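Residue numbers (this note's numbering), protein chains in the order written: chain A, 1 to 311; chain B, 312 to 791; chain C, 792 to 1071.
Derived by calculation from the structure, the hints in this document are not laboratory data.
Keep in mind it's a predicted model, so treat the numbers as computed, not measured.
Treat the hints loosely; a few may be bogus.
[To be verified] Below, computed lysine-lysine pairings styled on DSS-like, alpha-carbon distance capped at 30 Å:
(1) B/Lys564 with B/Lys770
(2) C/Lys1054 with C/Lys948
(3) A/Lys38 with B/Lys359
(4) A/Lys272 with A/Lys296
(5) C/Lys1063 with B/Lys759
(6) B/Lys460 with C/Lys1051
[Unchecked claim] Some chain C residues judged to face chain B by a derived CB distance under 8 Å, without partners named:
(7) Tyr866
(8) Asp903
(9) Ile906
(10) Trp907
(11) Gly910
(12) Trp911
(13) Asp913
(14) Lys914
(15) Ala917
(16) Leu918
(17) His1067
(18) Pro1068
(19) Ile1069
(20) Gly1070
(21) Ile1071
Every residue gets a Cβ at the ideal spot worked out from N, C-alpha and C, and that includes glycine.
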Amino acid sequence: MIIDGTESSLRAYLKTLPPVDEVGAHARAAMLATRSIKTTSKSWAIDMAISMVDLTTLEGADTPGKIGTLCAKAVRPDAMDATVPSVGAVCVYNDMVKIARTKLDAIGGTSIPVAAVATAFPSGRASFAVKAQDTKDAIDAGAAEIDMVIDRGAFLSGRYGEVFEEISQIREICGDKAHLKVILETGELVTLDNVRKASYLAMLAGADFIKTSTGKISPAATSPVVLVMLEAVRDYYSLTKTRIGVKPAGGIRNTKDAIKQLVLVNEVAGPKWLTPKLFRIGASALLNDLLLQRMKMRDGFYAGPSYVTLD
Amino acid sequence: MNPFEYAPALESTSIVTIKDRYGLFINGKFVAPKSGKYFPTINPSTEKKLSEIALASTEDVDLAVKAARVAYVKVWSKMPAAERGKYLFRIARILQERSREFAVLETLDNGKPIRESRDTDIPLAAAHFFYHAGWADKLQYSGNGSGPKPYGVVGQIIPWNFPMLMLAWKIAPALATGNTVVLKPAETTSLTALLFAEICQQAGLPNGVINIITGEGATGAALVNHPGIDKVAFTGSTEVGKLIATSIAGSKKAATLELGGKAANIIYDDAAIDEAVEGIVNGIFFNQGHVCCAGSRLLVQESIQDEVLTKLKERMALIRLGNPLDKNTDIGAINSAAQLAKIKELSAAGDAEGAERWSPACNIPADGYWFPPTIFTGVSQTHRIAREEIFGPVLSILTFRTPQEAVEKANNTPYGLSAGIWTEKGSKILWTASKLRAGVIWANTFNKFDPASPFGGYKESGWGREGGKHGLSAYLKASN
Amino acid sequence: MERIYVLKTYKLFIGGAFPRSESGRVYAVKDFKGKHLANTCQASRKDLRDAVVSARSAFPGWSGATAYNRGQILYRMAEILEGRTDQFIAEISALEGANPKAAALQVEESIDLLIWYAGWSDKISALDGSTNSVSGPFYNFTIPEPIGVVAVFAAAKPSLLNLVGAMASVITSGNTAVMVASEKFPLPAISFAECMATSDLPAGVVNILTGVSSELAPWAASHMDIDAIDAAGLSPKVLKEAQIAGVGNLKRIKTPPNIKSPKRILDFMESKTVWHPIGI
Chain A
1 MIIDGTESSL RAYLKTLPPV DEVGAHARAA MLATRSIKTT SKSWAIDMAI SMVDLTTLEG
61 ADTPGKIGTL CAKAVRPDAM DATVPSVGAV CVYNDMVKIA RTKLDAIGGT SIPVAAVATA
121 FPSGRASFAV KAQDTKDAID AGAAEIDMVI DRGAFLSGRY GEVFEEISQI REICGDKAHL
181 KVILETGELV TLDNVRKASY LAMLAGADFI KTSTGKISPA ATSPVVLVML EAVRDYYSLT
241 KTRIGVKPAG GIRNTKDAIK QLVLVNEVAG PKWLTPKLFR IGASALLNDL LLQRMKMRDG
301 FYAGPSYVTL D
Chain B
312 MNPFEYAPAL ESTSIVTIKD RYGLFINGKF VAPKSGKYFP TINPSTEKKL SEIALASTED
372 VDLAVKAARV AYVKVWSKMP AAERGKYLFR IARILQERSR EFAVLETLDN GKPIRESRDT
432 DIPLAAAHFF YHAGWADKLQ YSGNGSGPKP YGVVGQIIPW NFPMLMLAWK IAPALATGNT
492 VVLKPAETTS LTALLFAEIC QQAGLPNGVI NIITGEGATG AALVNHPGID KVAFTGSTEV
552 GKLIATSIAG SKKAATLELG GKAANIIYDD AAIDEAVEGI VNGIFFNQGH VCCAGSRLLV
612 QESIQDEVLT KLKERMALIR LGNPLDKNTD IGAINSAAQL AKIKELSAAG DAEGAERWSP
672 ACNIPADGYW FPPTIFTGVS QTHRIAREEI FGPVLSILTF RTPQEAVEKA NNTPYGLSAG
732 IWTEKGSKIL WTASKLRAGV IWANTFNKFD PASPFGGYKE SGWGREGGKH GLSAYLKASN
Chain C
792 MERIYVLKTY KLFIGGAFPR SESGRVYAVK DFKGKHLANT CQASRKDLRD AVVSARSAFP
852 GWSGATAYNR GQILYRMAEI LEGRTDQFIA EISALEGANP KAAALQVEES IDLLIWYAGW
912 SDKISALDGS TNSVSGPFYN FTIPEPIGVV AVFAAAKPSL LNLVGAMASV ITSGNTAVMV
972 ASEKFPLPAI SFAECMATSD LPAGVVNILT GVSSELAPWA ASHMDIDAID AAGLSPKVLK
1032 EAQIAGVGNL KRIKTPPNIK SPKRILDFME SKTVWHPIGI
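Only chain A is shown next, with the shape it has when bound in the complex:
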């Protein structure tokens, strides 16, 4: 353990992290975005991206019917092509977890985990008791992954100990029943220095994954943000020999964006991270674009939106 969890040790530790030069980080991300992924590597990347998708619906209007069709899509993304892999997980609100779990089990998707957003998602503005209960409820209902939000207010006002404590306690509630993804909401942290600090804070407090965004705030998973988070998990590995996962979410809508993410993973954290165990993409519309591109690779001509299912 690098720190003992006290406010002062956290503050001291976070100060030792090297700063991020924003212009340089943007330039690096932009250079990697020019990588041109063709033919065999593109086919591989599309299937890998599909298997990394956390297929998500987080709407006030979600219903059991909507969750049902989402689960069906998660198991068999392309009804006409059984060679398409299943997605990485289904990501829903707390009260939809049971419905999703039941549906997945019923249609042959037992291996697909249900992820629940928790801790008063998306704002995180509730008492800790409520956040804890939120998490317990989700796990009891069958969630195998918890996507919690950090208290950005506490982080921005420098109360790192509070942020750390909250993550640690949710970590404890998750125990060995659920993987913990910690959402930094980088669009509210604004600077890349903050992204690096919050990444370390989450990893030190026991996150299995660090995740960019809730999807409710813009900007979300920009390339420079993902770059800095991937650098964080890479450097954390060389410190601790523990591999932490990364999940960009929000704004990744097409195949090109998804492949850019995989290039970032490959060239920043390294190929060891090219697995759904260590990299996920939070998305909904992305899946259909991946399927359309997959059809193009397979058939040699362009398909249209009428040839993929809505959800």
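Since the structure of chain A is provided, determine the placement of chains B and C on it from the hints.
Frame of chain A; chains B and C shown alone:
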């Protein structure tokens, strides 16, 4: 084995038509050389011949200079400045339109990665024309008096490392200020200059305003020594620069010289390390290290040398060396057999003098000229690789303990072209910059170029500046 | 039988779109002989308010764009204008009573003026910026910066040249503009808006209103979100009223005498000086 090994992503060459043989571009037309001689130009990544280039003799040079003189006297010097500017705008726009064609041709002829020719060389070349187009009718605001005058006919000689970009750096300010030009591209990289001649035709540029003569060292010497030349502009080695300075001594010819460098890239312990590592890589491996301002001496503060070295090696392992036409290539071919031999010779000297060499594993193609990205650690100031310009992807790593020591070591060279500073502390950037004896200082970045930014060196790195207001002065006789 | 030609509807140019005046008002534009040419919108204070909102929202993007990019867009306008020369010659001849040769000359000068200002975008800071030799271990430099949203009351004749020159000088540095065309000669302004709309110019950077200057000027002058006014087209009486109303936010109200001058660009810029220590 990495499951995500990128498949080849080759840029198509069908956009480019290379003729079997090229003449000289004199007075608006391609003409056969009076010498009757031609020499081959090859693709350095395959060693295959691309075309044959005319070898201009003294007689050909004379014709070109005369054409430039006539164009100067009869057309260009009489033309309203704003109209001159419009020609430059046209050239900028046509270059933008045909940029991919130029990028592919540059990569074929030079060996540099298509990513660099496409994203850096050609867009910057167009930007130079655009920027200087705007100056043509604003010279009275350039700090050279209310009515500055051009020199007349300018002889320009450019190197092989950025053929098209150096052409733009030379021609754009010369034309904007009202001079006419005879330009000689480097012997191994003439093709984009010859394609540029087509742009001049498409732009309707009056005959003789730009003349392009190809050839070798003797052609360049004939140009420099021609009595009809009013000003010489040269980019290349310090050795040749000194020859030029000697040969124009006693004449009225003005000269600007952009010569060699041995830039220090200083990494302080409070730098943004990840971006600094990127800056080191970009500083020395950009364009195979064929960059006069390359950050070829890394000065890293001792307290962070292990961390920097570890990260640098990890990063270097990701560098992709190979076919320059592959869009994912980071390091292309060395431009010529002669240059490769020089890089090998200096690297061997590094070994012999006791420095430790390291390169990541990389597949060197069977044909063509290649050198892997290389670093030397344990280098001291006395080593040849710390003093001589290698002009290849070879980095010499030295350490320092204090800012004073960093500056002393950085300045301990006859060169003074550029330097880099990496620290998140602003006051230290400015302190270091104020002490460094170099013409261009990059802080928390490296190898950045812009037409609005003057470029050029102190000491043996040359005379004068190119770019910005200062670059205009090099082509103008100031008035009161 | 002679073909009946299609008449053009002249509308306002706000936020990249061509709306009619919210007031529903139009006024008749006549040619130099008094013959009816077109009905054009008579913009209201609310149209002005909308134009200011769109100019303000365009300001961060436009002032944050590279100077090179701004220069290229102004140059693009010149390209588009060049291709539509005949239309402007016709409008200028009809409105101003200029003979076709003089009208053509005005269009050519307008094109060249656009290019002239395009060239200034990345040079004005080299002209007016400085590093200052202060006593002490400080690096001290001064740079010109765009002032913000500028309202322009374009002078009348030559109408296209005045409009284009005022516009280009204001936006080349990164300002955004709300322009009120000459009341008597508004048609080239709206036709020029069509050039701008097809020049990669981001929506809202330039907005053009037609109408009665004396009606709009007091509202522009008292508007707290307009930073400066180019008052070249205002009468002395309206100008004085505007100067008094503009005191509210100490608006910079200028009447640059020369349509082609770097001074004109600097009239709508602020200077910023930065101090920074030098040390280890």
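Consistency of the hints with the structure:
1. B/Lys564 with B/Lys770: Holds, at roughly 21 Å.
2. C/Lys1054 with C/Lys948: holds (21 Å)
3. A/Lys38 with B/Lys359: holds (27 Å)
4. A/Lys272 with A/Lys296: Distance of about 28 Å is within 30 Å: holds.
5. C/Lys1063 with B/Lys759: The given pair, whose Cα atoms are some 25 Å apart, holds under the 30 Å limit.
6. B/Lys460 with C/Lys1051: holds (22 Å)
7. Tyr866: Holds, about 6 Å.
8. Asp903: holds (6 Å)
9. Ile906: holds (7 Å)
10. Trp907: This hint holds: C/Trp907 lies near chain B, its Cβ roughly 7 Å from the closest one there, short of 8 Å.
11. Gly910: It holds, given that the least Cβ distance between C/Gly910 and chain B is near 2 Å, below 8 Å.
12. Trp911: holds (7 Å)
13. Asp913: holds (5 Å)
14. Lys914: holds (6 Å)
15. Ala917: Constraint on C/Ala917 satisfied, holds at 5 Å.
16. Leu918: holds (5 Å)
17. His1067: holds (6 Å)
18. Pro1068: holds (4 Å)
19. Ile1069: C/Ile1069 check passes; min Cβ-Cβ to chain B is 4 Å, inside 8 Å.
20. Gly1070: holds (4 Å)
21. Ile1071: holds (5 Å)
Taken one by one, the earlier hints all hold for this structure without exception.
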